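Q: Count along the sequence shown starting at 1, add 3, and that's the number in our numbering.
Take the hints with a grain of salt, since some may be wrong.
With a straight-line cut-off of 27 Å between C-alpha atoms, the simulated DSSO-like cross-links for lysine-lysine are [said to hold, decoys possible]:
#, residue 1, residue 2
1, K549, K367
2, K292, K203
3, K203, K157
4, K179, K292
Since the hints were derived computationally from the structure, they do not count as laboratory data. Predicted model only: the values in this text are computed from it and were never measured.
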Amino acid sequence: MIGGKASPVAWKTLSRVLVPFQPSRRSIAFASRAVAASVLALGAVLALGYKEIAWAPITVWVLALPRRSMVLTKSLYRVLGTLIGAGMAFLMLPLESQPLLFMLLMSAWVALCAGTANLFRNYQAYVAQLAGFTAPIVAVLVYGHLGSIQEIAKERVVCVLLGIAASAVVTLLFSKRIQPRDVEIEARALAKQGVAWSAKVLEKTSPEPLAYNHGLLAQIADLNSFCENAAIESSAIRQRLGAIRRLVSAVLALVSSTRAVERLNAPADLERRGKAVRLLRAAAELIGKDDIPSGQAIAFRHLMPTDAVADDPAHAVETAWKRDRLEEIADGLDRIAAELDVIRTGPKTRHSAPPLVFHRDWAKAFSTGWRTLLACLVTGGLWIGLGWHGGAVAFIFTALATSIFGNHPLPTAGMRRFSIGVSAAAITFILWKALPFSATAGFSTTLGVVIALTFLGAIALANNVQPGMDYNANVSQLMLGPSAAATGAVAALFSGLDLLAGLGIAYAAFAWTADREARRGARLATSILADTRRLAQGRWQPHRHKWEATLYDRLYQSGLASAGSKACGDGLRHCLLGLDMGLEILRLRGLLGADSLNSSERPIVQDALRLLGGEIPDSQPLPFLELDALATRLTAESPGAATSSRYQAIGAMLAISRCLEQWRTPEPAGASHA
Numbered sequence: 004m005i006g007g008k009a010s011p012v013a014w015k016t017l018s019r020v021l022v023p024f025q026p027s028r029r030s031i032a033f034a035s036r037a038v039a040a041s042v043l044a045l046g047a048v049l050a051l052g053y054k055e056i057a058w059a060p061i062t063v064w065v066l067a068l069p070r071r072s073m074v075l076t077k078s079l080y081r082v083l084g085t086l087i088g089a090g091m092a093f094l095m096l097p098l099e100s101q102p103l104l105f106m107l108l109m110s111a112w113v114a115l116c117a118g119t120a121n122l123f124r125n126y127q128a129y130v131a132q133l134a135g136f137t138a139p140i141v142a143v144l145v146y147g148h149l150g151s152i153q154e155i156a157k158e159r160v161v162c163v164l165l166g167i168a169a170s171a172v173v174t175l176l177f178s179k180r181i182q183p184r185d186v187e188i189e190a191r192a193l194a195k196q197g198v199a200w201s202a203k204v205l206e207k208t209s210p211e212p213l214a215y216n217h218g219l220l221a222q223i224a225d226l227n228s229f230c231e232n233a234a235i236e237s238s239a240i241r242q243r244l245g246a247i248r249r250l251v252s253a254v255l256a257l258v259s260s261t262r263a264v265e266r267l268n269a270p271a272d273l274e275r276r277g278k279a280v281r282l283l284r285a286a287a288e289l290i291g292k293d294d295i296p297s298g299q300a301i302a303f304r305h306l307m308p309t310d311a312v313a314d315d316p317a318h319a320v321e322t323a324w325k326r327d328r329l330e331e332i333a334d335g336l337d338r339i340a341a342e343l344d345v346i347r348t349g350p351k352t353r354h355s356a357p358p359l360v361f362h363r364d365w366a367k368a369f370s371t372g373w374r375t376l377l378a379c380l381v382t383g384g385l386w387i388g389l390g391w392h393g394g395a396v397a398f399i400f401t402a403l404a405t406s407i408f409g410n411h412p413l414p415t416a417g418m419r420r421f422s423i424g425v426s427a428a429a430i431t432f433i434l435w436k437a438l439p440f441s442a443t444a445g446f447s448t449t450l451g452v453v454i455a456l457t458f459l460g461a462i463a464l465a466n467n468v469q470p471g472m473d474y475n476a477n478v479s480q481l482m483l484g485p486s487a488a489a490t491g492a493v494a495a496l497f498s499g500l501d502l503l504a505g506l507g508i509a510y511a512a513f514a515w516t517a518d519r520e521a522r523r524g525a526r527l528a529t530s531i532l533a534d535t536r537r538l539a540q541g542r543w544q545p546h547r548h549k550w551e552a553t554l555y556d557r558l559y560q561s562g563l564a565s566a567g568s569k570a571c572g573d574g575l576r577h578c579l580l581g582l583d584m585g586l587e588i589l590r591l592r593g594l595l596g597a598d599s600l601n602s603s604e605r606p607i608v609q610d611a612l613r614l615l616g617g618e619i620p621d622s623q624p625l626p627f628l629e630l631d632a633l634a635t636r637l638t639a640e641s642p643g644a645a646t647s648s649r650y651q652a653i654g655a656m657l658a659i660s661r662c663l664e665q666w667r668t669p670e671p672a673g674a675s676h677a
């Protein structure tokens, strides 16, 4: 009986363990390409008679990414980062006789690069990261070797470059080139999800502080990354980048407009809103079927009353506001349809894509820099000051981990990934050394074992198990490194502990302040409010598309990768509220600029903008009540002479007031993050 009960449990546990290694056509193809690239790189360095051969397959595994464009893009930037880091390493190698100065300068270089990486995006940031940790990889492991340090360092750099070349060659020869149709499929998936989510926001019958969707925003990030990388090798995709960026803005604007309608939530308008929900759902279905939802925008406009007051005199402001927002939803569908058409057929005229907008977070860059410096100084001090035998390995992994933790919203997730991959590699190596025949096994036998192990690791990596990359890189280093044959199981165990110690010091530097994310979220909120004040003051007058792009960049920065973090969730909430407020402020400024308000209305709108442009201390409540009072005052101005512009201004002021009211309101328990 005991055996009968234990067997299903054991089988279920084993099944869970084997899930990452489940083969599929896609994962087998990816693993085969990656292993072939690692073997090609090994063959090249062996033909040159090098001893530091492990660095070639390590580089291949670092570049092992699921999409062809990502591999090629990362390869280009890795060459640049490697050359910069190696150049700095060669400059520091002559300091062999001054170990303390060597360690201080190396720590400062790694910290400078880790901080700089926070000022860029995607693989541009990777260049700075790589330049930082390549220097210790090249210089530290040869530090203290007499006579041949320059040759060993050069050999290591050449091995890395050959690994990059092998990865790029195999990718070019054996992976499918991304076509414009692939971009269209990804773009349609984003548009469909955005329109469907807008319908979900609009159909709610009870107000809640904010509706947002981590999945939609993460999909935007994936689409941007996918297209930016694919554009490097495809002029056709490069020509569509402008449409992709405008599509992202259109989706964000559509969801913003539906949030504005949902905020008012008037029972008198439920029937019209129900029709709007059905039209949005139909539009999402059309997008999913490769159709352009142009007709849905026309149908939306049939929902709008031609005269706000005549339609419902008791709810004139509310009705006019709804009419304007329904018009914006229709415009959003038109924008989405137009950009999908450009993505499908290509632009009719050649023009450059609008530049990416991104915010440089200098405070985060400085924080990352000093934390990295602190971690490297601690590890380096233990290594140089106390003569720690494994300090060199620990220092390298401290440098590598801090460069990554500094750009990761959640260091704990990064530490978990490293620990799993490195520990699994160390255990594998210890088990290999414990086998009786491993001591006499030739290079070909060892290479065969490495190929088999890394193939399994690549299957896991293809199934989105990120520790597979760290496992393969470390298995290659442990089993193919210059001292692998002479390293016993006990020495391998201590080497693994040294490595984990380096990771632990790096993790402690970024995780020791529990409120780090909360402070970053508060800084983000302050920055967004400062931007809305600039809009209200008229010191910054961007086009609404520029504002949408700016706030999307804040969304990207605030925590798309950390959906489970409350601080990042607050940052995301503030970004979306800031997006909505900014669009309404731009509407108010547009009404003033168009001279569409009369002499009694203009001063009230100007008072509202002055109120929004003033400094509000954190200890004081945001002025949503004062804004409501101004909206009421504007409503009372000459009711018989009410104009559409006045209703637009009142609606915008009320919308901003709702956003300000929700700004410091915590999200209710159970709110959906679907």
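Q: Any of the earlier hints contradicted here, and which numbers?
A: The structure conflicts with hint 3 only, although it agrees with all the remaining ones.
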